[in-house]
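Enquirer: All chains, please: the whole structure from these sequences, using the hints.
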Amino acid sequence: MFHPSRATVVVRMSNELSLNDLDAQLAALEGSDDGDSSSSSSSEDEKSPVKAVREGKKRKLNDEEKAQEKLSNKVLRKKMRQGLSNLCFSFLTGKCKFEEGGKSCLFSHVKPEEMTAGDKAELIRELRHRKKFDPALAKVAQNLNIPMCRMYKKTGQCKQGEKCKFWHLRNELDARWKGMEYWCQTCFLGFTSEDQLKEHRNGKTHKANASWQQ
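The opening residue of the sequence shown carries number 1 in the UniProt record's numbering; numbering runs sequentially from there.
Hints listed in this document are in silico derivations from the structure and should not be mistaken for laboratory results.
From a predicted model like this one, the values you see are computed outputs, not experimental measurements.
There is no bait here: all hints are sound.
Only pairs whose alpha carbons sit at most 25 Å apart, straight line, appear in this in silico DSS-like list of lysine-lysine:
#1 95 - 120
#2 120 - 132
#3 120 - 131
#4 207 - 154
#5 120 - 178
#6 153 - 198
#7 120 - 163
#8 163 - 131
#9 111 - 165
#10 153 - 120
#11 97 - 131
#12 95 - 139
#13 153 - 204
#14 165 - 153
#15 131 - 159
#16 178 - 198
#17 111 - 132
#18 139 - 165
#19 95 - 178
#20 131 - 153
#21 163 - 111
#22 204 - 154
#23 120 - 165
#24 132 - 178
#25 154 - 198
#26 153 - 207
#27 163 - 139
#28 159 - 178
#29 132 - 97
#30 95 - 132
#31 111 - 178
#32 159 - 120
#33 120 - 154
#34 153 - 178
#35 178 - 163
#36 139 - 111
#37 139 - 97
#38 131 - 178
#39 165 - 131
Expert: So, in structure tokens, the structure goes:
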């Protein structure tokens, strides 16, 4: 937010106006919202250096708001073209710095318990493109109880592709988002415990796949 310094204000004033005079006029302007018309005339108000500063500040704020809105629309359009989410993931994990700072966030603030089926689908699609794992965001995703895609799990393919609203475990990172910390690269399967992984590796399916890949 733009805050003109006193040095800037003084340059715009006549030489006869002191800083103390400016403080008094600012205080008067701040208390004049109740309709008190004790000022001399409209022509004098228009020439008031304090009013000029105030109007300049308002124009500056308007310019900043327009720039922020333009940036917001640009970012959201880019994400929409990529089929990604407009959800604020920082808010989902309880720590949006823009909200805490009293500023407008570019993305939608939706609580996990209020997410619609569409919101959950957006989250799934976004996580497929994320390269860095976030434990807090993963916990939110896991608590939503989104099921695995049965077709993808069975065949490794899904006719819905990126539009699918269920989990596709394509790699170890996908498995971690789902809450499966143990990954079999041979069979592209995730597991929640080391014992499960060991049992899988001793099974016929894993041995057959390992033999076929050699």
